[in-house]
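Construct all of the structure, not just a fragment, from the sequences and the given hints.
Protein chains: 2
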Amino acid sequence: MNLRAKILGLEAGGKFVVVLNREDAEDLTVSSLERVRMKKNGKEVIAIVNTTAKLIEKGTVGIYEEVKNSLGLKEGDSIDVEIASLPSSVHFIRNKLAGRKLTYEEILEIITDVVKGRLSEIEIASFVTALHAFGLDLDEATSLSRAMVETGSTLKIDKPLIVDKHSIGGVPGDKTSMLVVPIVAAAGLTIPKSSSRAITSAAGTADRVEVLMPVGLSLDEMREVIEKTNGCMVWGGTLNLAPADDMFVRVEHPLSIDPLLLPSIMSKKKAVGTNIMVLDIPTGRGTKVKTIGDADLLAKDFMELGRRLDIKVNCAVTYGEQPVGHTIGPALEAREALGVLTGVAKAPDLVDKATDIAGMLLEMSGRKNGKQIALEILRSGKAERKMREIIEAQGGNPEVNPEDIAVGDQTYTVRSNREGILLWINNVSLVETARLAGAPKDKGAGVYIYKKIGDPVKKNEPLFTVYAERNVKLQRALDHLEKSLVLGIGERMEMLIHEVRERPVTRKTFMLER
Amino acid sequence: MNLRAKILGLEAGGKFVVVLNREDAEDLTVSSLERVRMKKNGKEVIAIVNTTAKLIEKGTVGIYEEVKNSLGLKEGDSIDVEIASLPSSVHFIRNKLAGRKLTYEEILEIITDVVKGRLSEIEIASFVTALHAFGLDLDEATSLSRAMVETGSTLKIDKPLIVDKHSIGGVPGDKTSMLVVPIVAAAGLTIPKSSSRAITSAAGTADRVEVLMPVGLSLDEMREVIEKTNGCMVWGGTLNLAPADDMFVRVEHPLSIDPLLLPSIMSKKKAVGTNIMVLDIPTGRGTKVKTIGDADLLAKDFMELGRRLDIKVNCAVTYGEQPVGHTIGPALEAREALGVLTGVAKAPDLVDKATDIAGMLLEMSGRKNGKQIALEILRSGKAERKMREIIEAQGGNPEVNPEDIAVGDQTYTVRSNREGILLWINNVSLVETARLAGAPKDKGAGVYIYKKIGDPVKKNEPLFTVYAERNVKLQRALDHLEKSLVLGIGERMEMLIHEVRERPVTRKTFMLER
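For the protein sequence lines, the chains are A and B, in the order given. When we follow my numbering, the leftmost residue of the first sequence carries the number -6, and every step to the right adds one. When we follow my numbering, the leftmost residue of the second sequence carries the number -6, and every step to the right adds one.
These are calculated hints, taken from the structure and not from any lab test. Take the hints with a grain of salt, since some may be wrong.
One copy or two, it doesn't matter: identical chains are merged, so the pair holds either way.
Said to hold, decoys possible - In the DSS-like style, the derived pairs of lysine-lysine whose C-alpha atoms are separated by at most 30 Å in a straight line are: (1) K51 to K109; (2) K109 to K283; (3) K67 to K293; (4) K434 to K361; (5) K149 to K361; (6) K61 to K305; (7) K51 to K32; (8) K32 to K47; (9) K32 to K476; (10) K67 to K47; (11) K434 to K47; (12) K221 to K149; (13) K67 to K364; (14) K36 to K476; (15) K61 to K47; (16) K434 to K94; (17) K51 to K67; (18) K451 to K67.
Pasting the structure below:
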């Protein structure tokens, strides 16, 4: 059937979608969410059908951007449209829905079709939900990791040993990577670090690093930086490593489920050629992993999956019940990380965590006394010099100093109304405060915490300062603080956590950060 | 934030969706698939957000039809847009994703938000998949049925006893309802029959009936017909009974799963006030339910769900391995049904099935010898007279005779190339043939079968005739027949079903017809 193109001027989120008039759809014997094969200019795409009774006239086909660009269409073009059979990948998804285990071939076909935009949101959502509900075993996780590498770009660097670190996220203010990368690169290891932006947090590593240097590098630019400096800190979003994951995250986030955690992380490490890595699993109330037992089980799975992918994985189960360091929000965190590197800022927990992880990487690479080496590299200023090399190689200002970094000029400081010990910090509420103040979009927005758990607090002493770039956002954050307890001060832990007087609505907090 | 409306001229499938420029979305701290509250003209809706980098400019908001109509918007209108919190229903869906059982209150809120267009396709797909994967128990099925009634229209008729019949579908050519309704209505029972159109079959009851009379009645018109004639045969699509089901079907169909089968059927019966019903469960290869054991288990669940909803349910497990009667396709089937009522057509299996089910309804209503009464009503012409009454009341021509019904004039007859017994019929392939020939859209398209299982066949004898309204569709059906075996003729069943020489791709056939 020949139909005239009507360009809609809308994106379909990476999927190939067209809109047909209901009568044309019936003539093609195709229903909504079934597929058509569209041919034009010697090119061909399979697109998912939406139907409408009136808004697209009979004889025309509404075209989303993805199809327009792929076929090189313009308004009014005549296109050949025919019914397409169901992709095999949909049959394989149905197999998983029947509770069956998927083979590598089946998974590769599903992932390929996800990347090529051939599966609808319903099919992807159902696949992800089925993986969550039925579980995926390590064979399937291995297949998913391999298929995600197979369908994306890969980094080839001519180095004998490539190391990496990754955190499964969930603890605020975690700028550990900004110390680990320069430390291990200064020690002579190669570390091609790519990071994500914040999804539900106040800052992702890419957001923090971007305060100091450009992060949107191409794969070739990334390789040049690594060849020059041994390391890099770039945003994964432009690298096309394991692109299927972006589609999965789009589905997982609204559902608060994360069945693809293992393959998502490991595929990106495999794609950059990692041989050795340390996985950080922040653990405790208010993080993704609540108990040490759960953390150990997760570690076991990551290590076994690593073994199957030829990546040596050790895990660091770390304390996650409060922010790392004193800062939350891109600019505040970049300032703190640079401050620790230059020796002007004090953040013992951050230094501890970074040198623990750097030390593990050094020992896994054959050195002895890894933590001592890492501390020495940090104290001697070698890590700072390496950081400035990387900043320069990525196109930032290598002379930057912590005090040059602008933070929001709209501030409000919360003070203690009593004396005591800081007993607990509500990570989720703190992140919410920073986000309402504008983070991560407003780089200068965030929170500076003066006290950490166990610190003594005097009456009227400052507890934390909220930073914002715009007063209206500061107000929004303060409105939230009116209704929410961010931290607890007392003589000792109180026994009653809370009363349950009516059926509680469980608002599960969930951080999807990989 | 105030944004200017840009009307997109597209429907979002019943959901409330808007498109924001990425920067505006970031300023609102709302991500793709999160929600905004939009206010205009004293009205308010919650809409799901899509974001785009370029196609919607900063300061404007792309508006789908559902939002446009609900707020009464026009191009360029200024609208107040603010971030909305996550609906509780999403938390409840997440509870189901965690494998927990849902309460009535939780289910009612989910169903309400489905009907109001507040849930995204991803959330609905995930809910349906979770129901499929974790299962739903009878408490949840009862809650879903009640909630689906609660959120739709209901029919109130002042009759002491209301009966109904329903088939779970999956057997081609099943025009049983077109006999059962006039038989039991002629016997004095009240039967407010609503039916669906074909989803994956060659004809739904609404498609068949429409050949004889209008079926798109309003709830008030339906009531008038019933008050006049004791019965009706209308399309459910315009009645708004259990409207949530339409959204669920949209998701279930591409996934080939059907976890809402029980609540979907029972809610629609409850909504028309049914007290007594017979559920037909066609059973056998090529139908939805493959074994008699499975049929019995399903029957048990329907009967128990009925008990909880105050509907007395008996089930008829019926033979489904071949079409009912000789015809498939709307006009051919209408002709056959009317032919049996007027006594000119012979279809012993159809008569048998219809009088069995009508007889069950009569006995459940207190009569004795139900099947004999039903046969007598049919033979005496009372059923035909009742049918003509209903046709007239619904606005059709009560004088219509079978031979007046037009069928496709493009035909092709397949003949036997050997002598033997008709051993099996492939229902799925036969339906595919009828659909390729144009059914259900082309009412005159379909298949007429001369032989049924067990019939002796001579060489060169006609087996079936394909009917189409257009030659190109006839050709399409014939191309399919070239590649596909529709029936098997031989002396006895052959032992080898098929050889498996390489890993088989299981193409599960699935009929979603309720």
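Comparing the hints with the structure gives:
1. K51 to K109: Both, since 28 Å and 29 Å are each at most 30 Å.
2. K109 to K283: Close neither inside one copy (37 Å) nor across copies (36 Å); limit 30 Å.
3. K67 to K293: neither (53 Å within a copy, 57 Å between copies)
4. K434 to K361: neither (42 Å within a copy, 76 Å between copies)
5. K149 to K361: Classified as within: same-chain Cα gap 28 Å, cross-chain 83 Å, threshold 30 Å.
6. K61 to K305: Neither, since 44 Å and 55 Å both go past 30 Å.
7. K51 to K32: Classified as within: same-chain Cα gap 19 Å, cross-chain 34 Å, threshold 30 Å.
8. K32 to K47: both (24 Å within a copy, 26 Å between copies)
9. K32 to K476: Only across copies: K32 and K476 sit 25 Å apart there, 57 Å inside one copy, limit 30 Å.
10. K67 to K47: Intra 22 Å, inter 18 Å, cutoff 30 Å: intra and inter.
11. K434 to K47: For K434 and K47, only the inter-copy Cα distance (18 Å) is at most 30 Å; the intra-copy one is 40 Å.
12. K221 to K149: This pair counts as within: shortest intra-copy Cα distance 15 Å, inter-copy 80 Å.
13. K67 to K364: neither (61 Å within a copy, 65 Å between copies)
14. K36 to K476: between (57 Å within a copy, 28 Å between copies)
15. K61 to K47: Classified as both; 22 Å inside a copy, 15 Å across copies.
16. K434 to K94: neither (41 Å within a copy, 39 Å between copies)
17. K51 to K67: both (18 Å within a copy, 24 Å between copies)
18. K451 to K67: Intra 69 Å, inter 58 Å, cutoff 30 Å: neither.
In summary, the numbered hints that this structure violates are 2, 3, 4, 6, 13, 16, 18.
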